[in-house]
Amino acid sequence: MKNETKDYQFNVTTVRVSGHCFGGVKTETSVTYVKNEEAQLDVSAEGSNGFRCSGSVLSLDHQSTLNLKNLRLVAFANLNGTDFVKEQVFEQCTLDARTSEIVPIVVGACLAMLVIVVLIAYLIGRARAKRQGYASV
1 MKNETKDYQF NVTTVRVSGH CFGGVKTETS VTYVKNEEAQ LDVSAEGSNG
51 FRCSGSVLSL DHQSTLNLKN LRLVAFANLN GTDFVKEQVF EQCTLDARTS
101 EIVPIVVGAC LAMLVIVVLI AYLIGRARAK RQGYASV
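Here the sequence shown stands for residues 1 to 137, numbered as in our numbering.
Keep in mind the hints are simulated off the structure, nothing from the lab.
Yeah, the Cβ is synthetic: ideal placement off N, Cα and C, and Gly gets one too.
Be aware that a few hints might be false.
Quick list of the computed label-pair ranges, beta carbon to beta carbon [to be verified]: (1) Ser100 / Thr14: 34 to 40 Å; (2) Phe76 / Thr32: 23 to 29 Å; (3) Leu123 / Thr94: 46 to 52 Å; (4) Asp83 / Leu119: 55 to 61 Å; (5) Ile116 / Asn70: 55 to 61 Å; (6) Ala75 / Ile116: 33 to 39 Å; (7) Thr65 / Glu87: 31 to 37 Å; (8) Arg128 / Thr99: 24 to 30 Å; (9) Lys86 / Val118: 53 to 59 Å; (10) Ile116 / Glu38: 46 to 52 Å; (11) Gln92 / Leu66: 54 to 60 Å; (12) Thr32 / Ala109: 53 to 59 Å; (13) Ile102 / Ser59: 31 to 37 Å; (14) Val117 / Asp61: 52 to 58 Å.
Only pairs whose alpha carbons sit at most 20 Å apart, straight line, appear in this in silico SDA-like list of lysine to any residue [said to hold, decoys possible]: (15) Lys86 / Asn67; (16) Lys86 / Gly50; (17) Lys35 / Thr65; (18) Lys86 / Ser54; (19) Lys86 / Ser64; (20) Lys35 / Ser48; (21) Lys69 / Glu91; (22) Lys86 / Thr65; (23) Lys35 / Asn67; (24) Lys86 / Gly47; (25) Lys86 / Phe76; (26) Lys69 / Gly55; (27) Lys35 / Thr14; (28) Lys69 / Gly47; (29) Lys35 / Gly47; (30) Lys69 / Gln92; (31) Lys69 / Cys93; (32) Lys69 / Tyr33; (33) Lys86 / Leu71; (34) Lys35 / Leu66.
Turn these sequences into a full structure, and let the hints steer you where they fit.
And the structure:
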């Protein structure tokens with residue numbers, strides 16, 4: 001038996017916005033936007049995993065952007081309601097990935113060492129000035 005994993009990618013090429021999607025708008029007109037050629041939307045998941053992102057932006061034509069908030073996608077999902085299955089595994093987007101805590105610790109330690117070196121240099125300079133006494137002008 002062969003174990004196969006498939007990667008799924010979500011590609012947006014066009015976005016159609018209808019007036020009835022927005023509360024209070026009483027129009028049946030719709031506008032279609034095409035994805036900007038340079039725009040990238042990094043949405044991918046492995047196997048049966050879903051994709052989750054707290055916020056992402058996609059550039060469209062006509063200087064428009066599509067802001068995606070609390071985005072969750074599952075390829076070929078058969079849902080019986082509006083909620084995802086509780087056992088569903090989601091992969092997170094790169095913007096939601098936690099940054100390493102080592103970098104701020106190293107920067108803080110370097111700044112603390114710099115303060116200590118400046119303090120020691122000040123104390124040494126002050127002690128030398130006291131030993132020399134007053135200088136003639």
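Item to check | Unmet hints by their number, sorted upward, for this structure | outcome: 5, 6, 8, 11, 15, 19, 20, 22, 28, 29
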